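*Asks:* Single-letter residue listing:
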Amino acid sequence: MTKTWNNRAWFLVLPVLLLVAFNAIIPLMTVVNYSVQETFGNNLFFFEGVKWYEDVLTSERFHDSLFRQFLFTGIILLIEVPLGVAIALTMPRSGPWVSVCLVLMALPLLIPWNVVGAMWNIMALPDIGLLGYGLNALGIPYNFTRQPISAWFTVVLMDVWHWTSLVVLLAYAGLRSIPEAYYQAAKIDGASRWSVFRYIQLPKMNRVLTIAVLLRFMDSFMIYTEPFVLTGGGPGNATTFLSIDLVKAALGEFNLGIAAAMSIIYFLMTLLVSWIFYTLMTRGDEQ
Amino acid sequence: MAHWLDLTWMAWTWQTATFFLVIFALLCAMTIWEWASPGGGPRHGILGLDTTRGDRLFISLLGSAFIHLGWLGLTDMPLWGGTILSLICAYAVFRWV
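So the protein lines, in turn, are chains A and B. First residue of the first sequence: 1, per my numbering; consecutive thereafter. First residue of the second sequence: 1001, per my numbering; consecutive thereafter.
Please keep in mind that the hints were generated in silico from the structure rather than gathered at the bench. Just so you know, these numbers come straight off a predicted model, no measurement behind them. Careful: at least some of the hints might be erroneous.
Each computed SDA-like pair below joins lysine to any residue, with the alpha-carbon atoms no more than 25 Å apart [claimed, not checked]:
no., chain 1, residue 1, chain 2, residue 2
1, A, Lys51, B, Met1030
2, A, Lys51, B, Gly1039
3, A, Lys51, B, Gly1081
4, A, Lys51, B, Leu1061
Every beta carbon over 10 Å from chain A, so not counted as near; a handful from chain B, in silico [stated by the list, open to error]:
no., residue
5, Ala1029
6, Met1077
7, Ala1092
Using N, Cα and C, we set each Cβ at its ideal position, and we do this for glycine too.
All chains, full assembly: derive it from the sequences and hints.
*Replies:* Written as structure tokens, this is what we have:
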């Protein structure tokens, strides 16, 4: 039997293409247009060429917020991925506790981002918050509104609390997909717990962990709401990540050209890393 | 409604319009190429990646964007230099990657 190719089926994709055009491509084109012009409002624009890109790329402020963004992403990936795998390994593989664990793990993911920021803001207040008051009572000086280290500690802790569950759920799904025969074979061979993890569980989780790292990279690299509600980018600029700096430039200072150029550079960086992860994932599939 | 339709809110300039038209023309050219020679021309290139023509165009475009950004951020020379370098890189990508 020969296969029938019907290219008219592509017309079924048209509604999706239109939707993507309206919610992604046209806004992105508009941002590109803004990034080469100056405006003082009233829909009046003056062509500036690549001046905003030069300004952004040579600006210390941009370099600093980019560095903070990469530092934050690096820290949370280093914590969340191993911690998520460790928690997934301790979760039961069968029985009634599976559902309990899964629901408990999913809870932080269900809370809206601004609510997470507000929760941690209240909890970290040095005079009345459980975390802030508790740390100060233990003799650890802690004030996230004044000390950059405390602010970073709180933002990282908040993100770890909010998003480690995602890594746990993905890693757990990867673990559940391993057939029992692998464990039985390892047992017959007298493999240690570490060997089972190193040679069976970790390779089998490879794919889901790549997805977890990709998702956590993209989310943390574009993080805005939680640190904005918690610290507002402060104290000073200590927790002003790239997205917060972008909003400050666009809405706070009404530098639409600079903000648009920053947006494009930001977008290209996210696109590059996503492509690298996509390539790694598809290479894994081929192998 | 008329203002929305005339697209002035998108703040068009002829330079950005040309840029997008070139991208659009490239996509059309790739479609015609695929129609004339179906299959995407898959290949295992020097980077160890399995790529199709579409992948190579994507790598070329993304690479060009970063070459231009690097050119702007690291040199004071005219941007045409970055464009020429991007074209050379795109040729290399289509030839060997």
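*Asks:* Please write out, lowest number first, the hints stated earlier that are contradicted by the structure.
*Replies:* 1 and 2
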